[in-house]
Amino acid sequence: MITLAQLALNALSLGAAYALVALGFVLILNATGAVNFAQGDLVMAGGYLTAWFVVLLPLPGLVLLPLAMVATALLGLAALALAYFPLMRRPPSTVFVSTIAIGLILQNGAVRLFGPEPRVTPPVLGGGEVHWAGLTLSRQSISLIVVAAVLILGQRWLLARTRLGRQMRATAEDRTMAAALGIPVRAMIALTFALAAALAGAGGMLLGNQFFVTPTEGSALILKAYVAVVIGGWGSLEGAVAGALLVAAFETIVAALVSYTAAIALLYGVLVAILLLRPEGLFGEAAGRRA
Amino acid sequence: MRTRVSLLLALLCFVAPRFTAAQDVRIPVLVPLTGFLALEGTSQKNGAVLALEHPPEGVTPHWEVEDTQTAPELAVNALEKALEQPAVAVVASMLGSQILAMLPVGAEHKVPLITISGTAQVTEQGNAYVFRFFPSDAVVKVAQARYVVEELKKKRPAIIYQTTVYGQGGRTVLDAVFKKLNVVPVFEEGVDITVNDMLPVLTRALAAQPDVLVLQLHASSTALLIRQAAGMDPHLPIVAGSAIHQPSTAALLEPEELDGVCAESASSPISGGSPEVDKFVADYRAEFNTEPDAYALAQYDGTEMVLNAVKAGATAAEAVRDALAAQKYQGLAMTYYSDGHGNMAHSAIILCYDGKTRVPKVVQRYDNIDPQM
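Line by line, the protein sequences are chains C and W.
The number in the numbering used here is simply the position in the first sequence, starting from 1, with 2 added.
The number in the numbering used here is simply the position in the second sequence, starting from 1, with 686 added.
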């Protein structure tokens, strides 16, 4: 029972980090109609930047977190300028190829700038463990869950309750109509890219402390985000979070019951079943199409 | 004008003998510097370059470094391009799929390929132009299993391996060696390289009541598993694959998390052992501002053996091949000699961490390992 509770806690912590990646993926998908395959590499970049910042500025993780988010937001804007704006009138497949190129540039850039060695990012609120009711709770796991929850709720509040968020959503739903209403469409797209990249940066810092950061990890993360988004519902923000938690649950709880190989096979079985029985995903399809 | 020509001829007469006497040779370095093997490939490059920068007296090597990334065709293209000019040897990618694709090209041009790939098939192709300076799994896994059974006296190993070629290949050899040692693993499971949480596999392994954890995992997975195992009860001894010997992997963990962790490796340069190894470590740190690992030292030794063969008179590729095939060479990590298939490394060590520092101590050495034990 204790083991199961421990696994559930690990699943929640891992799922919270995956949710940040998947949310960024969906935000860009909704804003541009294209899949950003560089999202996982932005997570990796966030991890490396934080590991670099802590050497330059030995500050607590909580202070470095916004720095990492701003830095990756700037990287996201650079990716937007290079990979999306010049191609925004081309088919979505053109954009996703260009985002793959951006991902490779980020990967190789990380190797050149920081070296090929894996790195550890600083903990948000200090390291160590808390023992409670037979469970071992890593402080970083708790921080990860709390920070991810705050960011997810904050992002939801921004989109649902603010004028800016409504303009971003209007742009995502119908760019032509939004422009006709006087909404600065390109600025809204840029803001969405920056927000998505900032979430990736936070994910990179949070994941990098417990699970390290390597230059090539972006590819695996984007695959997990893609699976989470398909399961949760293409374009659905709630679905992305639910899908991410489900992916993490398979990687932890189900893997402990069967094996990793079997758990991943089962996860993809669930994915295929959802595609067959409920193609819109668990939370329905809000916008966009599968690239 | 005539005076100028005479001066030029005189200058050439003065320079030419020195140029040839210095034994100018070309040794291209074609290794993976980006992609998933960038860490190990960079060590391979660094080891080769350090040797080339400090050649034996009378030898002047020339080299260029080419990133082969991870695709076999990129490595083949790089080799074809490199061999458009004469070369006495090529430092060739340690990535199994790349070196396997490079082998026919090396043989076609009759140029020896110097590598540190651990993939067993590399020296099983009947190719006379490949020389491997890193012990294959058939060597290091014997050391790992023998240490578990003969020194730690453990009889119930749980093997956790990566589901990659590296992981599955090592697991197969471990199984065979444990069988010869009359030990049956109580648990064996593969984990994907993208797995972040190692608690599930540890939970399943502990349920089988092992007395030791035997790992065949890549660097990040090894560090993740060791970190999570450190906080578990019972605290089992761990005998890992060579990944944890890399200083950059050990740096991911606190010294106390490494307490009781042992691993197989070809060498551990930072552990010292001789003034020559200490000098290698100092030179490496000064040149690359990072810590050397066994891959760097193995490639350094391999490249040094080529340069020493050149110094001894092997100035053409075929002569270098003959020298590598026939001679023994006392390197910094071990004594190298070919077994007739191009396997040059036949020794392995076991190193352990004491929980106080990230510098491991060599606790056991196995020389002249018979892969058919």
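Hints may be right or wrong, so weigh each one.
Chain W is faced by these chain C residues, among others (derived, beta-carbon under 10 Å) [unchecked claim]: (1) L16; (2) F87; (3) S95; (4) T96; (5) F98; (6) V113; (7) L115; (8) E175; (9) T178; (10) A180; (11) E219.
Covered stretches of chain C (chain W as the covering partner; in silico rule of three or more C-beta atoms under 8 Å from a C-beta of chain W) [unchecked claim]: (12) 166-173; (13) 200-214.
Derived by calculation from the structure, the hints in this document are not laboratory data.
Please read these numbers as outputs of a predicted model, since none were measured by experiment.
A virtual CB, placed ideally from N, CA and C, is assigned to each residue, including glycine.
These are the hints, each one checked on the structure:
Hint on L16(C) holds. Least Cβ distance to chain W is approximately 6 Å, under the 10 Å limit. Because the closest C-beta pair between F87(C) and chain W is about 27 Å apart, greater than 10 Å, the hint is violated. Violation of the interface hint for S95(C) is found here, the shortest Cβ-Cβ separation to chain W being roughly 23 Å, above the 10 Å cut-off. About 24 Å separates the beta-carbon of T96(C) from the nearest beta-carbon of chain W, more than 10 Å, and the hint is not met.
With 10 Å as the threshold, the beta carbon of F98(C) stays out of range of chain W, its nearest partner Cβ sitting at about 21 Å, so the hint is violated. Evaluation of the V113(C) hint against chain W yields a held restraint, the C-beta minimum of about 5 Å falling below 10 Å. Taking 10 Å as the C-beta cut-off, the interface hint given for L115(C) is violated, the closest approach to chain W being about 12 Å. Hint on E175(C) is violated. Least Cβ distance to chain W is approximately 34 Å, over the 10 Å limit.
For T178(C), the interface hint is violated, the least distance from its beta-carbon to any beta-carbon of chain W being 40 Å, above 10 Å. At about 38 Å, the closest approach between the beta carbon of A180(C) and any beta carbon in chain W exceeds 10 Å, and the interface hint on this residue is violated. Satisfaction of the interface hint for E219(C) is found here, the shortest Cβ-Cβ separation to chain W being roughly 8 Å, below the 10 Å cut-off. Counting residues of the segment 166-173 of chain C whose beta carbon lies closer than 8 Å to any beta carbon of chain W gives 0, which falls short of the minimum of three for the stated coverage.
Proximity of the segment 200-214 of chain C to chain W, defined as three or more residues with a beta carbon under 8 Å from a beta carbon of that chain, is established by the 4 residues found.
Hint compliance for this structure: hints 2, 3, 4, 5, 7, 8, 9, 10, 12 are not met, and every other hint is.
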